[in-house]
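**Student:** As a plain string of letters, each chain reads:
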Amino acid sequence: MTSLIVQVAINGLLLGGIYALVAIGLTLIFGVVRVVNFAQGEFLMLGMYLAFWLFAFWGVDPYLAVLVTAPAIFALGVLVQRVFIRPFFNAPSNSLILVTFGLSIILQNSALLAWKSDPRAIETSYSNAALRLGELSVSVPRLVILVVTLGIVAGLYVVLQRTYWGMAMSAVAQDRKAAVLMGVNIHWVYMLTFGLGVGLEAVAGTLLIPVYSVTPSTGATFTIVAFVVVVLGGMGNVFGAFLAGLIIGLIEAFSGFFISPQLQGALYYAMFVAILVARPQGLLGVVGAQEMGFR
Amino acid sequence: MTSRFATLLVLLCQLASVSPPAEAADVIKIGVLLPLSGPLAYEGSEVLKGFEDARVEQNEKGGLLGRQIEFVKGDAVDAKAAVSEAERLISVEGVKIILGTFSSVLSFAASTVAEKNNVVYWETGAVADTITARGYQYLFRNEPPASKLARAAARFGTVTAAETLGIPIKQFKVAVIGEDSSYGKAVSETVKTVVEEVGAQLVAYEFYEAATKDMSSLILRLKAKQPDALIPTTYVNDGILLHRQMKQFGLNVKVFVGTGVGHNTDKFKDAVGKDANGVIVSGWPSPTINPDYAKGLPAFLALHKRVSKEDIKSPHPFGNYNGAWLLWRVIERAKSADPAAIRTAALAMDEPEGFQPIGWGVKFAAAGAPNAGQNTRPDWFVEQWQGEKLHTIWPPKAMAKGIKVVLPFPQWSER
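So the sequence lines, in the order shown, correspond to chains A and B.
Note that the working numbering has the first sequence beginning at 11, numbered continuously upward.
Note that the working numbering has the second sequence beginning at -5, numbered continuously upward.
Think of the hints as simulated: they come from the structure by calculation, not from any bench.
Ideal Cβ placement from N, Cα and C applies to all residues, glycine included.
Among the hints, a few may not be true.
[As the list claims (entries may be wrong)] Some but not every residue of chain B turned toward chain A, in silico, with C-beta under 10 Å:
hint, residue
1, Pro33
2, Ile171
3, Asp208
4, Tyr229
5, Gln242
6, Asn271
7, Glu326
8, Ala328
Using the sequences and the accompanying hints, generate a full structural model.
**Tutor:** This is the structure in structure tokens:
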């Protein structure tokens, strides 16, 4: 029984790694650019398709393909921010919600038009690979995702604390006007952060293609859980998102095993509501983050 | 002036002679209602190929009742469009027969319009039981309903498998799982009924969300129950995830029987590769079905290559060609394309197994029956993935020479 519980915990942590990776980009965009990006999952979906086609046409391994997909989706994100988001720079945040929601519909339906609704999946040599530790089994592609997520969290920490762009991002997040007065080019910060935020989704999508199949609506299913993770972790908080991702993953795995697989989704929403009642700002968030921004 | 008037009169007469009613007498216009755009466009276009094959074949033989068959297409992208396109086909195009529809949702909606207008609705692909549960007079369905799909899978996964493996049915442990939408619930419910009817042990009856990102908890639960047979009802994505995670956690079963869409497409095989081998699934037959059973298959394969200029890519063309072929036979017997005559001829039809190109017989449930308009004679086929191809394994007569049922399902470690 002990080994079974350890196994369920491993499964929960690995699933949590996926949720965290998907949520980090979303929380970054919210914290700095102050945009609630409903189209976030669609960039993940595009990343998955891109990785799928690279594999299908040229046999490019997804772990190499990430060198192509991440920059490509980063560039797309920069473009989208410049064309669709920037015109609403001074508009109320509600209009931006509608813009990103519309963007999500456009991207999803464009994908439907281009690639139809057929599920696309690839089989790599490691799709089903697992490390065996006695009775325990650890999925290799999921472990890779958890390790990469840890790397990204650490990398973001260094970038935000040590580099000019990181500090500029923090400055813009804390006080847009003051940052401008200090000579920060706010439009560049917004474009690059948005690009980075959706570029991280491409990393997630590419690493997920050995595990999941993709359809045009795949992104939307991730967006919902990503929002839960972001709010639970404290909006705009990268480390909070990481922690919250792991917690949601663990709740899902344990409730699915001990109570019912059918209820595993419902239970983490219940837990989510319960935690927010006790801590409305999220686990690591600070009160008023939605006004104050990234921490 | 008089001569000009006469010329005008002659011209008018000539115009009148090419007016639509005169032309309509030379053709039999049939409405074809399918999803030709939108998310089901691929499946809809595959069905259309089967209909076209049947139309061209019949027209080359001189048509029906001495008239050529003409299709008028309607694009049923969703239920709303299915209704408006059915209305257009009937009121604007004046069709008296509609062929369709692949999807149950579309069929359910559009057939209501046809029934109101006393237009024959000839269904060749949609399977929901509810379609023929409404006591309609002009609705006919050739293929068996979804409950038979579930029953075919469940019977094979219990009685046939237990017999083949030499396990007494009372000791045979079956796990039934399904995604938790109405599709998975309805099918799993029927499967569970069969498991209980035949006296096997139901050791697990579980549901999960189709959009789930992780099935490990479900798989660990099942592993603890050590089922002999697993009968899952999934869509494609969750079917793939289930397979991959079963392999990862080493959940070995002796029999794996899918109930339909999750396990009988190339999408499943492409995603899991050789691991598809051994999976059993109920549905349309594969092209390797024994031609002594499906007598129309060899001719159909040649016809399809000639008309659609390709080898068959899915089971839909043959299955739906077969349904249209039956409609032509009914019209011939009715000696009329009038809905009332077609109805009478269809209800009078009583043909044994082997009559249709696919090997099925014909006997439609009469008006007043709980499934009025349903062809009661046929049953679904059972297929098995062998060498990464689907082969028909049930009924035994339909099994091709050299094909054997492979049981038990190979252990993951032996693959």
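**Student:** Against this structure, judge whether each hint is valid.
**Tutor:** Here is what the structure says about each hint:
1. Pro33: holds, 4 Å
2. Ile171: holds, 8 Å
3. Asp208: Holds, because the Cβ-Cβ distance from Asp208 of chain B to chain A comes to roughly 5 Å (cut-off 10 Å).
4. Tyr229: Holds. Min distance 8 Å.
5. Gln242: holds, 5 Å
6. Asn271: Nearest chain A Cβ about 14 Å off; hint violated.
7. Glu326: Result: violated, 38 Å to nearest chain A Cβ.
8. Ala328: violated, 39 Å
Violated hints, in rising order: 6, 7 and 8; the structure is consistent with all others.
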